[in-house]
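Engineer: Final position of the sequence shown in our numbering is 437; the numbers increase by one with none missing.
Incorrect hints may have been included.
[To be verified] What follows is a list of derived Cβ distance ranges for each label pair:
{"no.": "1", "residue 1": "ASN349", "residue 2": "LYS399", "range": "19 to 29 Å"}
{"no.": "2", "residue 1": "LYS188", "residue 2": "GLU360", "range": "47 to 57 Å"}
{"no.": "3", "residue 1": "GLY71", "residue 2": "LEU35", "range": "16 to 26 Å"}
{"no.": "4", "residue 1": "ASP269", "residue 2": "PRO339", "range": "24 to 34 Å"}
{"no.": "5", "residue 1": "LEU7", "residue 2": "ILE74", "range": "28 to 38 Å"}
{"no.": "6", "residue 1": "ILE260", "residue 2": "ASN314", "range": "17 to 27 Å"}
{"no.": "7", "residue 1": "LEU275", "residue 2": "GLY96", "range": "32 to 42 Å"}
Calculated directly from the structure, the hints in this document are not laboratory data.
Every residue gets a Cβ at the ideal spot worked out from N, C-alpha and C, and that includes glycine.
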Amino acid sequence: MKKLLFFWSELKSTFWFVPVIIIVGAILFAILILSIDGNLALQNEGIRRFFFIGSSASARSVLSTISGAMIGVAGTVFSVTLVALTLASSQFGPRLIRNFMYVRLNQVVLGTYISTYIYCLIVLNTIKDTEDYKFIPSLSILFAILFAVMNIVLLIIFIHRIAISIQADHVISEISVSIGKEVKKLFPETQDDDPEEVILPDVEKEIASYKNEISIPATQYGYVQYIDIDTLLKLATESEGLIKLNYRPGSYIVKGIDLGTLYYHDIEDDALEKIQRQFILGSSRTSRQDIELSIHQMVEIAIRALSPGVNDPYTAISCIDNLTATLCYLSTKKFPPSYRFDDKENLRVITNAYNFELVTDVAFNQIRLYSFGNTAVVIKLMDALVLIHKMVKTPKYKDAAKKHARKVLNVGKQCITDEEDLETLNIKAKEILG
Numbered sequence: 004m005k006k007l008l009f010f011w012s013e014l015k016s017t018f019w020f021v022p023v024i025i026i027v028g029a030i031l032f033a034i035l036i037l038s039i040d041g042n043l044a045l046q047n048e049g050i051r052r053f054f055f056i057g058s059s060a061s062a063r064s065v066l067s068t069i070s071g072a073m074i075g076v077a078g079t080v081f082s083v084t085l086v087a088l089t090l091a092s093s094q095f096g097p098r099l100i101r102n103f104m105y106v107r108l109n110q111v112v113l114g115t116y117i118s119t120y121i122y123c124l125i126v127l128n129t130i131k132d133t134e135d136y137k138f139i140p141s142l143s144i145l146f147a148i149l150f151a152v153m154n155i156v157l158l159i160i161f162i163h164r165i166a167i168s169i170q171a172d173h174v175i176s177e178i179s180v181s182i183g184k185e186v187k188k189l190f191p192e193t194q195d196d197d198p199e200e201v202i203l204p205d206v207e208k209e210i211a212s213y214k215n216e217i218s219i220p221a222t223q224y225g226y227v228q229y230i231d232i233d234t235l236l237k238l239a240t241e242s243e244g245l246i247k248l249n250y251r252p253g254s255y256i257v258k259g260i261d262l263g264t265l266y267y268h269d270i271e272d273d274a275l276e277k278i279q280r281q282f283i284l285g286s287s288r289t290s291r292q293d294i295e296l297s298i299h300q301m302v303e304i305a306i307r308a309l310s311p312g313v314n315d316p317y318t319a320i321s322c323i324d325n326l327t328a329t330l331c332y333l334s335t336k337k338f339p340p341s342y343r344f345d346d347k348e349n350l351r352v353i354t355n356a357y358n359f360e361l362v363t364d365v366a367f368n369q370i371r372l373y374s375f376g377n378t379a380v381v382i383k384l385m386d387a388l389v390l391i392h393k394m395v396k397t398p399k400y401k402d403a404a405k406k407h408a409r410k411v412l413n414v415g416k417q418c419i420t421d422e423e424d425l426e427t428l429n430i431k432a433k434e435i436l437g
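All chains, please: the whole structure from these sequences, using the hints.
Structural biologist: Following this line, the structure appears as structure tokens:
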């Protein structure tokens, strides 16, 4: 079931899904309104004279004008979207194109214009004016006019959206919001103020208790997009074995490499194949289970801003601020355990799970390396670590902040030549390191 939900989530995130749904809806709506027109046979009397078209020539002219305009604007919308994608790719990195493509407004605008064009063609084809039969779908034409007016408003909204979507602050804010949503999905549980001390199992003893072991080879190459841990736990319980995983979502896998190891006494012939089916590999990473991906997007903007060709420390500082907020929020969440047990408290699955130190490394390692020679960014990194150290409550999390503070201090000592700036950095470092 979870694999189906994953595929459904991926389907919804494609660029073509929403436009296709809108187009299909427009076709069905055209059929419905035309059937109403045919059954009601509305006449141009009273107030309806101001809204309904009386002649077939006028009806064809209106629908032809609307359909031609809509397909023309659809081409313009597509061109503007491509220009925005080009600017985003050059300014923020090619991996952020995915964010721009999958903005719902862009998909809705493109789908609405194309669907209006198709709607007009369908209605236009039904207009008849012969000696034997005359049919002018007045209600359907009225809806076509309303759709045209609505599309004008939608075009204004679209242009406004494109204008702000390529601004650095907006992009950083959008990614920060996206990271927050992913954190809520991946780590729904909030950490207790006084977490209980977890008793870790003796892994070597558990492994040694099994007579046999077999590697779980990858059947293809690509990025690990999804691992169904719950099903793996169920399979391990049924076979009374233990599954140890070597990789987490986001890792790149080559065909034949060991995804993990199955320890067992006796298993069914197809047990290995069932386990392999719980891994979904693809040509690109997804954020479904990969928290690193969203953070990498923010980091990429920061290190591109710090490159000599761009030299925009303010954008890098904005990225650091948002990463700091993300890590402070993440520190309140309970990370999934690396050990999964069955109902009888038997160890069944050992995962390569995320932890706070790992996420902190992903957020700050590359920025620290690229900040060499930029005093403002180095000091800002130390400010961020001071804030994280104050906000987190778990000793392990504080140790992660201290580790990075020491590294940032070393970078500062090597690249900061001004004595006052170096003294400022040392004062801030003492708040963490003592």
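Engineer: Now, for every hint given, state plainly whether the structure supports it.
Structural biologist: Each hint tested on the structure:
Between ASN349 and LYS399 the Cβ separation comes to about 27 Å, which falls inside the hinted range of 19 to 29 Å. Taking 47 to 57 Å as the suggested C-beta distance range, the pair LYS188 and GLU360 does not conform, at roughly 21 Å. One distance hint, 16 to 26 Å for the beta-carbon pair GLY71 and LEU35, holds here, with the actual separation near 24 Å. A hinted range of 24 to 34 Å for the beta carbons of ASP269 and PRO339 is consistent with their spacing of about 30 Å.
Checking the proposed 28 to 38 Å range against LEU7 and ILE74 shows it holds: the Cβ atoms sit about 36 Å from each other. Range check, ILE260 to ASN314: Cβ separation about 41 Å, and the 17 to 27 Å hint is violated. The beta-carbon spacing between LEU275 and GLY96, approximately 39 Å, falls within the hinted interval of 32 to 42 Å.
Of the numbered hints listed earlier, those contradicted by the structure are 2 and 6.
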